[in-house]
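S.K.: Letter by letter, the chains look like this.
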Amino acid sequence: MNGTTRFTPMRHSGPLRPLALLIAAFDVAVGWALVAELVVMVSIVSIQVVLRYLFNSSIDWADELARLCFVWSIFTAIPLGLKGGAHIGIEMLVVRFPAHLRSVTARLIALLGAAMLLLVAKESAVMAWEQWDELMASMPASAAWFIVPLGVCGLHGALHLIWQALIGAQHVDPELQSELA
Amino acid sequence: MSLLVILVFLGIALFGMPLALSLGLAAIGGLIASDVEFNLLPSRMMSAVNAFPLMTIPFFILAGELMLKAGMMERLIDLANTIVGRMRGGLGHVTVLAGMGLSTVSGAAVADASALGSTLLPSLKKHYGVGFSAAICAAAANLGPIIPPSGAMIVYAFMAGPSVSVGGLFMAGIVPGIILVVGMLVICSIIAHKRQFPLTGEPFSFAAVFRELKRSIIIFMMPVIVIGGIVGGAFTATEGSAIAVIYALAIGFFITKKLKISDLPEALIRTAITSSVVGAMIAFASVVTYMLTIDMLPHKLLALIQSLTSDPLAYLMLVALVLLIVGMFLESNAAYIMLVPLLHPIAIKFGIDPLHFGFLFVFNLVIGMLTPPVGVVLFVICGVSGLKLGELSRHVWPFIAFMYALLLVCMFFPQLVLTLPRALGY
Numbered sequence: 023m024n025g026t027t028r029f030t031p032m033r034h035s036g037p038l039r040p041l042a043l044l045i046a047a048f049d050v051a052v053g054w055a056l057v058a059e060l061v062v063m064v065s066i067v068s069i070q071v072v073l074r075y076l077f078n079s080s081i082d083w084a085d086e087l088a089r090l091c092f093v094w095s096i097f098t099a100i101p102l103g104l105k106g107g108a109h110i111g112i113e114m115l116v117v118r119f120p121a122h123l124r125s126v127t128a129r130l131i132a133l134l135g136a137a138m139l140l141l142v143a144k145e146s147a148v149m150a151w152e153q154w155d156e157l158m159a160s161m162p163a164s165a166a167w168f169i170v171p172l173g174v175c176g177l178h179g180a181l182h183l184i185w186q187a188l189i190g191a192q193h194v195d196p197e198l199q200s201e202l203a
Numbered sequence: 003m004s005l006l007v008i009l010v011f012l013g014i015a016l017f018g019m020p021l022a023l024s025l026g027l028a029a030i031g032g033l034i035a036s037d038v039e040f041n042l043l044p045s046r047m048m049s050a051v052n053a054f055p056l057m058t059i060p061f062f063i064l065a066g067e068l069m070l071k072a073g074m075m076e077r078l079i080d081l082a083n084t085i086v087g088r089m090r091g092g093l094g095h096v097t098v099l100a101g102m103g104l105s106t107v108s109g110a111a112v113a114d115a116s117a118l119g120s121t122l123l124p125s126l127k128k129h130y131g132v133g134f135s136a137a138i139c140a141a142a143a144n145l146g147p148i149i150p151p152s153g154a155m156i157v158y159a160f161m162a163g164p165s166v167s168v169g170g171l172f173m174a175g176i177v178p179g180i181i182l183v184v185g186m187l188v189i190c191s192i193i194a195h196k197r198q199f200p201l202t203g204e205p206f207s208f209a210a211v212f213r214e215l216k217r218s219i220i221i222f223m224m225p226v227i228v229i230g231g232i233v234g235g236a237f238t239a240t241e242g243s244a245i246a247v248i249y250a251l252a253i254g255f256f257i258t259k260k261l262k263i264s265d266l267p268e269a270l271i272r273t274a275i276t277s278s279v280v281g282a283m284i285a286f287a288s289v290v291t292y293m294l295t296i297d298m299l300p301h302k303l304l305a306l307i308q309s310l311t312s313d314p315l316a317y318l319m320l321v322a323l324v325l326l327i328v329g330m331f332l333e334s335n336a337a338y339i340m341l342v343p344l345l346h347p348i349a350i351k352f353g354i355d356p357l358h359f360g361f362l363f364v365f366n367l368v369i370g371m372l373t374p375p376v377g378v379v380l381f382v383i384c385g386v387s388g389l390k391l392g393e394l395s396r397h398v399w400p401f402i403a404f405m406y407a408l409l410l411v412c413m414f415f416p417q418l419v420l421t422l423p424r425a426l427g428y
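Listed in order, the protein sequences are those of chains G and U.
For the first sequence, my numbering gives the first residue as 23, with consecutive numbering after it.
For the second sequence, my numbering gives the first residue as 3, with consecutive numbering after it.
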């Protein structure tokens with residue numbers, strides 16, 4: 023992997039190193055999962071078109087599997103966007119703050135965001151647990167798999183924001199941000 | 003409660019919180035204020051994203067990424083250069099035509115701005131100076147969401163519901179898109195003559211145009227197959243966008259042979275992250291929209307607007323004014339997600355054609371991407387050119403003025419927007 027997919031462990035020593043490694047491991051796993059999800063989505067939707075026109079048939083579960091992969095890809099990629107500063111914010115006010123106040127504001131904002139994402143993770147876990155016995159419409163799998171990515175997103179995103187609040191840097195990965203731009 | 007939700011959103015967003023997360027916090031504020039359980043959060047967020055039509059967003063982004071990696075940009079520039087390269091300000095014209103070609107496969111202004119800026123800006127700067135060069139790149143990039151396929155139109159159609167078809171909205175953008183291209187070429191010519199830009203490029207020759215057209219035909223076949231297939235009913239917008247990805251892969255691997263397997267993970271992850279920015283806003287905004295709906299805000303807004311006017315044209319002007327202001331401060335996807343569910347039903351009540359309103363809405367916010375302080379296209383071009391936002395804004399205003407003039411023309415003459423979709427049965 024290279025470019026945006028080069029999720030090497032954050033170079034950090036000291037007491038924060040375990041957290042850095044945990045986040046890096048999360049990033050790598052999510053990166054490869056995203057590759058797989060998008061490949062499945064493109065393949066399954068294209069195969070449906072081919073089957074319909076060439077063989078006059080279709081796969082019953084194709085639509086549901088494609089949607090499942092899509093939901094996973096959207097929610098699990100959100101933390102990587104937070105890491106790279108891809109999520110747009112209004113900065114015209116904070117850029118006028120003195121450097122110290124700007125840093126404090128960035129940390130507080132990151133903590134507030136982390137708290138919100140942890141709430142999403144908790145509520146998603148509860149909902150997934152409650153729905154575990156419900157099956158999907160066309161596949162023999164739990165419908166809760168549609169909720170699970172929200173929990174992953176909440177936890178992974180919160181870890182990134184907590185990291186940003188702790189290190190108090192410019193709260194994004196500059197390399198990833200420049201590549202995304 | 004609606005006021006609290008809006009105030010929480012604005013209050014937090016102003017302190018630099020990403021807009022998607024600001025929407026999430028505003029939604030939580032609404033849930034607490036109205037004593038609704040927090041489990042509404044994951045259920046609505048998941049339902050909002052769990053939609054087959056939304057898959058067009060990553061698919062078209064991926065198709066654009068792959069086409070760029072396949073060397074499409076170079077071919078488009080070569081073709082445009084043989085057609086208009088010798089005119090005064092020729093490279094500016096090339097940028098506009100390359101932007102038009104790019105927009106037929108990508109559909110996102112930010113991606114187009116990045117592609118045009120990184121490939122054309124160095125040569126443009128050498129001949130015309132950085133100000134005009136950056137401005138023409140920004141203006142040409144704004145063609146992306148107007149000429150189909152368009153990510154913005156897909157999000158609009160999704161938020162507006164069944165009264166707006168993606169295919170119809172795509173077709174609505176073609177005529178105004180062509181007028182935009184012609185207008186930008188004219189502005190470029192006027193500025194080039196006024197400032198006596200040097201002549202660049204080879205003299206015009208039919209043989210060279212024919213040769214480059216042959217090299218570029220594979221690029222233009224993509225919108226023909228994909229958009230043609232969607233409009234002709236051969237496949238849905240989502241299927242069409244997946245076909246676009248397969249087509250781009252085939253071009254990259256077998257025709258231009260510039261695409262490598264090792265390029266794919268990066269392209270796929272970039273696509274996923276870019277799509278998730280829109281997806282996050284759709285997910286969190288869906289909870290906000292729900293909170294505003296249970297507070298009857300759409301009904302209150304309708305009553306308020308009807309007490310002000312009963313004239314559809316006055317409503318269109320009012321919406322344009324609101325979007326002009328909103329577009330300056332809010333990222334366009336957030337604006338679609340928050341405002342389409344509020345303003346689109348009112349437009350229907352006023353008897354305004356859904357496609358006409360949809361196009362004007364999209365066009366308005368697309369212009370907003372070129373206006374400071376939150377013009378995302380300006381940000382990208384500033385990053386590529388090293389120009390300050392204020393300086394770029396000074397150079398880009400003729401294009402913004404022309405776009406607003408065209409917006410007014412489209413508002414007063416709906417047939418300009420609707421003739422093509424009507425002719426195709428939308």
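No wet-lab data here; the hints were simulated from the structure.
The C-beta atom is built at its ideal place from N, Cα and C for all residues, glycine as well.
Incorrect hints may have been included.
Rough simulated footprint, nothing fancy, chain G against chain U, three-plus residues with beta-carbon under 8 angstroms [stated by the list, open to error]: (1) 180-193; (2) 267-277.
Calculated cross-link-like contacts (lysine to any residue; reagent style SDA-like; alpha-carbon spacing at most 25 angstroms) [unchecked claim]: (3) G/Lys144 with U/Asn52; (4) G/Lys144 with U/Phe40; (5) G/Lys144 with U/Asp37; (6) U/Lys262 with G/Ala55; (7) U/Lys259 with G/Val57; (8) U/Lys390 with G/Ser65; (9) U/Lys71 with G/Lys144; (10) U/Lys128 with U/Gly73; (11) U/Lys71 with G/Val116.
Label-pair restraints from in silico Cβ distances [what the hints assert, rightly or not]: (12) U/Met223 with G/Asp82: 29 to 37 angstroms; (13) U/Pro374 with G/Val50: 46 to 54 angstroms; (14) G/Asn78 with U/Phe40: 43 to 51 angstroms; (15) G/Pro120 with U/Pro205: 52 to 60 angstroms; (16) U/Leu12 with G/Pro120: 18 to 26 angstroms; (17) G/Asp82 with U/Ala35: 42 to 50 angstroms.
S.K.: Determine for every hint whether it applies to the structure shown.
M.R.: Checked hints:
| no. | hint | result |
| --- | --- | --- |
| 1 | 180-193 | violated (count 0) |
| 2 | 267-277 | holds (count 10) |
| 3 | G/Lys144 with U/Asn52 | holds, 20 angstroms |
| 4 | G/Lys144 with U/Phe40 | holds, 10 angstroms |
| 5 | G/Lys144 with U/Asp37 | holds, 18 angstroms |
| 6 | U/Lys262 with G/Ala55 | holds, 20 angstroms |
| 7 | U/Lys259 with G/Val57 | holds, 22 angstroms |
| 8 | U/Lys390 with G/Ser65 | violated, 43 angstroms |
| 9 | U/Lys71 with G/Lys144 | violated, 41 angstroms |
| 10 | U/Lys128 with U/Gly73 | holds, 23 angstroms |
| 11 | U/Lys71 with G/Val116 | violated, 37 angstroms |
| 12 | U/Met223 with G/Asp82: 29 to 37 angstroms | holds, 33 angstroms |
| 13 | U/Pro374 with G/Val50: 46 to 54 angstroms | violated, 38 angstroms |
| 14 | G/Asn78 with U/Phe40: 43 to 51 angstroms | holds, 47 angstroms |
| 15 | G/Pro120 with U/Pro205: 52 to 60 angstroms | holds, 58 angstroms |
| 16 | U/Leu12 with G/Pro120: 18 to 26 angstroms | holds, 23 angstroms |
| 17 | G/Asp82 with U/Ala35: 42 to 50 angstroms | holds, 43 angstroms |
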